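Enquirer: Hints given; two lone chains; assemble the complex.
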Amino acid sequence: RKEVEQDPGPFNVPEGATVAFNCTYSNSASQSFFWYRQDCRKEPKLLMSVYSSGNEDGRFTAQLNRASQYISLLIRDSKLSDSATYLCAVLLRSNDYKLSFGAGTTVTVRA
Amino acid sequence: EPEVTQTPSHQVTQMGQEVILRCVPISNHLYFYWYRQILGQKVEFLVSFYNNEISEKSEIFDDQFSVERPDGSNFTLKIRSTKLEDSAMYFCASSEGGAAPYFSYNEQFFGPGTRLTVL
Chain A
338 RKEVEQDPGP FNVPEGATVA FNCTYSNSAS QSFFWYRQDC RKEPKLLMSV
388 YSSGNEDGRF TAQLNRASQY ISLLIRDSKL SDSATYLCAV LLRSNDYKLS
438 FGAGTTVTVR A
Chain G
120 EPEVTQTPSH QVTQMGQEVI LRCVPISNHL YFYWYRQILG QKVEFLVSFY
170 NNEISEKSEI FDDQFSVERP DGSNFTLKIR STKLEDSAMY FCASSEGGAA
220 PYFSYNEQFF GPGTRLTVL
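Protein chains in written order, with my numbering: chain A, 338 to 448; chain G, 120 to 238.
The shape of chain G in the complex, shown without the other chains (with noise of 0.2 Å):
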């Protein structure tokens, strides 16, 4: 079954460091995503991604975010500068969109997330 990978599984950085997280969707999704969940919280939307740009941003993303396609499988997010309080769970997701049954193509689904330690 196809799945929504992710990479690394954890990284630990310095304050104030940048940091590139990344993900290879489901071949066939239209859609991407990142999603954080701080330890203890619930997952909170960070952005999404279509057609290569960002269709959707939470006030989360801000300036220090941002999210590229580099070439026809990965999705990265990189954060510029790191906080303290970016130390979170972050989750890539994929959905089908475009012309897939009704009830199926705005399922998104979710990678093993990134664990990130900011320091």
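Chain A with its partners taken away, still in its complex shape (with noise of 0.2 Å):
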């Protein structure tokens, strides 16, 4: 099992929708989770930290669901601007330093 995968997409939708996504991690002692966005050949850019069950920023909201092993991302009233490939990220422990990273998730929004 991968130790972190995503749903490859693409998800295309409207502007102004809602879009929800999950990424799966297969080790249960890890500890710290992240979104990333990367737009194509371009790095990746630190969306957002997951904090314990969930956290909101603006239109994006990310949760955590440790029991199944799982974080979302949910983007609302989406904008042209947010089509990209968002990247899971999950590190092991509190003081571990390698990121793994999930393939991403393809968005992309129509207007």
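Honestly, I wouldn't trust all of these hints.
[To be verified] So the derived label-pair ranges between C-beta atoms look like this:
no.: 1; chain 1: G; residue 1: Ser-146; chain 2: A; residue 2: Asn-392; range: 45 to 53 Å
no.: 2; chain 1: A; residue 1: Ser-405; chain 2: G; residue 2: Leu-158; range: 28 to 36 Å
no.: 3; chain 1: G; residue 1: Asn-147; chain 2: A; residue 2: Ser-365; range: 27 to 35 Å
[Claimed, not checked] Result set (SDA-like, lysine to any residue): computed pairs, CA atoms no more than 25 Å apart in a straight line:
no.: 4; chain 1: A; residue 1: Lys-416; chain 2: A; residue 2: Asp-344
no.: 5; chain 1: G; residue 1: Lys-161; chain 2: A; residue 2: Ser-365
no.: 6; chain 1: G; residue 1: Lys-161; chain 2: A; residue 2: Asn-402
no.: 7; chain 1: A; residue 1: Lys-339; chain 2: G; residue 2: Asp-181
What the hints contain is simulated information worked out from the structure, not anything from laboratory work. No experiment lies behind these values; they were computed from the predicted model shown. Think of the CB as a built atom: it goes at the ideal place given N, C-alpha and C, for glycine as much as any other residue.
Expert: Written as structure tokens, this is what we have:
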């Protein structure tokens, strides 16, 4: 089983729609979780750290389900500029150094 | 807003040549990392560096790779004898570590990357 797995998509949604997708992780001891956004051929940009059961930042909501070992990202009121690949990343321990990335979920927001 | 910078943005080299990729991490950060992303694949961890030594490395980071912090600002990745399969985007990242607030201290911020093409 892969360490971090994501639905690759693509998710094609109209502007203003809500889109949500999940990321599963294999190691139940994982401590820290992040969502990054990556535009084509650019660097991953930190979108959100996922705290305890979940947190919200504007139109973005991240949730963590430790029992089922997944995190989710929900984007409300999608904008054209939200079109990107969203990467899930996991740290095994709080003092771990190695971010394990998923392969990414592609979201395309259409006008 | 402070950011990680990397040079060059694109490096083309012949197989067997040595390359050095350079990074300037965010100034108050204590932990430094190199990741790579082969075209169309996921981002992969190579190595982490703290207190002037390697903290962790992946199986990708073999004897052909080395890292160094030659001065107070730069962090370099050297590939001694490049292979075709080393062609990838190489990202440097840094994180605060230390006594930062709990949730932010392990957030890693990435530089814009160096695209390495080995011919």
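Enquirer: Next, verify each hint and record whether it holds.
Expert: Hints versus structure:
At roughly 27 Å, the beta-carbon separation of Ser-146 (chain G) and Asn-392 (chain A) lies outside the given 45 to 53 Å, and the hint is violated. Take Ser-405 (chain A) and Leu-158 (chain G): their Cβ atoms lie about 33 Å apart, and the range 28 to 36 Å holds. Hint check: Asn-147 (chain G) to Ser-365 (chain A), Cβ distance near 33 Å, so the stated range 27 to 35 Å holds. Pair hint Lys-416 (chain A) plus Asp-344 (chain A) holds up; C-alpha atoms about 21 Å apart against a cutoff of 25 Å.
Between Lys-161 (chain G) and Ser-365 (chain A), the direct Cα distance comes to roughly 21 Å. Compliance with the 25 Å bound is thereby established for this hinted pair. Proposed proximity of Lys-161 (chain G) and Asn-402 (chain A) is supported: the alpha carbons are some 23 Å apart, at most 25 Å. Using a Cα cut-off of 25 Å, the hinted pair Lys-339 (chain A) and Asp-181 (chain G) holds, with the two alpha carbons roughly 22 Å apart.
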